[in-house]
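For the record, the sequence lines run as chains W and L.
Per the working numbering, the first sequence starts with residue 67, numbered consecutively.
Per the working numbering, the second sequence starts with residue 7, numbered consecutively.
Think of the hints as simulated: they come from the structure by calculation, not from any bench.
Every residue gets a Cβ at the ideal spot worked out from N, C-alpha and C, and that includes glycine.
One should not assume that every hint holds.
[Unchecked claim] Straight-line distance between alpha carbons at most 20 angstroms, and here's what the computed DMTMM-like set of lysine to aspartate or glutamate pairs gives:
#1 102(L) x 133(W)
#2 84(W) x 150(W)
#3 106(W) x 61(L)
#4 9(L) x 118(W)
#5 75(L) x 110(W)
#6 107(W) x 90(W)
#7 9(L) x 150(W)
#8 102(L) x 150(W)
#9 102(L) x 118(W)
#10 75(W) x 124(W)
#11 104(W) x 173(W)
#12 107(L) x 110(W)
#13 75(L) x 88(L)
#14 104(W) x 69(W)
[Unchecked claim] Facing chain L, according to a computed beta carbon distance under 8 angstroms, are these residues of chain W, among others:
#15 108
#16 112
#17 153
#18 165
#19 168
#20 171
#21 172
#22 174
#23 178
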Amino acid sequence: DTEVTQTPKHLVMGMTNKKSLKCEQHMGHRAMYWYKQKAKKPPELMFVYSYEKLSINESVPSRFSPECPNSSLLNLHLHALQPEDSALYLCASSLQGAVNQPQHFGDGTRLSIL
Amino acid sequence: DAKTTQPPSMDCAEGRAANLPCNHSTISGNEYVYWYRQIHSQGPQYIIHGLKNNETNEMASLIITEDRKSSTLILPHATLRDTAVYYCIVRVAYDKIIFGKGTRLHILP
């Protein structure tokens, strides 16, 4: 069991749909992250939020729009995705994002774009 | 972040100690060594981290060489549930983790 909860676990959507991925943690962590993982590849960082403010955007296309409404919740809004965006999307959190504080991951949302 | 080198795969007999090596020859003095693992269909799981000294917790031990250019993760009594991809990461940048390709560890019954 993980303390970072991601919903839904699976999502299938068409290229014209709009959907959102949700991530929640109640550990009091103030840094939250989105990663993308393609099959048989390591996770790749997409976004970092620190104290509810976007601090890192790893040149992610604008069809991915992150949002951090409060310190416990992180959303990833999806619009006009491409088939190559099919992947496992992982959320993580850490206490404050410092280098000596580990990140804790959820089990991800498996996204399929038709 | 400094680059790490790990063997692509390893086998270990159940009940034996699994020793996973990692080379990080370009590591700097303020960079931490982290280990995560990812079991199939799950998110990465934090295992252990260290800066200079050896570390031990309920899951594993981390041995860092004196020059800090390499490290070894030790799972003392491997079980079938330890079958996973193990990632060694050297981390300096605030907020960022960069995953390498990792080692796929197979625990053999």
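Between residue 107(L) and residue 110(W), does the CA-CA distance stay at or below 20 angstroms?
-> 11 angstroms, holds
With a cut-off of 8 angstroms on the beta carbons, see whether residue 168(W) makes it to chain L.
-> 4 angstroms, holds
Holds or violated: residue 9(L) to residue 118(W), with C-alpha atoms at most 20 angstroms apart = With a Cα-Cα distance of about 30 angstroms, the restraint between residue 9(L) and residue 118(W) is violated, given a limit of 20 angstroms.
Using 8 angstroms as the Cβ threshold, decide whether residue 153(W) counts as touching chain L.
-> 13 angstroms, violated
Measure nothing beyond the straight line between the CA atoms of residue 107(W) and residue 90(W); if it is 20 angstroms or shorter, mark the hint as holding.
-> With Cα atoms ~25 angstroms apart, residue 107(W) and residue 90(W) exceed 20 angstroms; violated.
Evaluation of the interface hint that places residue 112(W) against chain L, nearest CB under 8 angstroms | 11 angstroms, violated
May I ask you to test the interface hint for residue 165(W) with respect to chain L, counting a Cβ-Cβ separation under 8 angstroms as satisfied?
-> 5 angstroms, holds
Straight-line alpha-carbon gap residue 102(L) to residue 118(W), limit 20 angstroms | 16 angstroms, holds
Given the proposed pairing of residue 104(W) with residue 69(W), does the C-alpha separation stay at or below 20 angstroms?
-> 23 angstroms, violated
Residue hint residue 172(W), partner chain L, criterion CB-CB below 8 angstroms = 5 angstroms, holds
Holds or violated: residue 102(L) with residue 133(W), Cα cutoff 20 angstroms?
-> At roughly 18 angstroms apart (the allowed maximum being 20 angstroms), residue 133(W) and residue 102(L) satisfy the hint.
Are the Cα positions of residue 9(L) and residue 150(W) separated by 20 angstroms at most?
-> 27 angstroms, violated
Checked against the numbered hints given earlier, the structure breaks hints 3, 4, 5, 6, 7, 8, 10, 13, 14, 16, 17 and 23 and satisfies all the rest.
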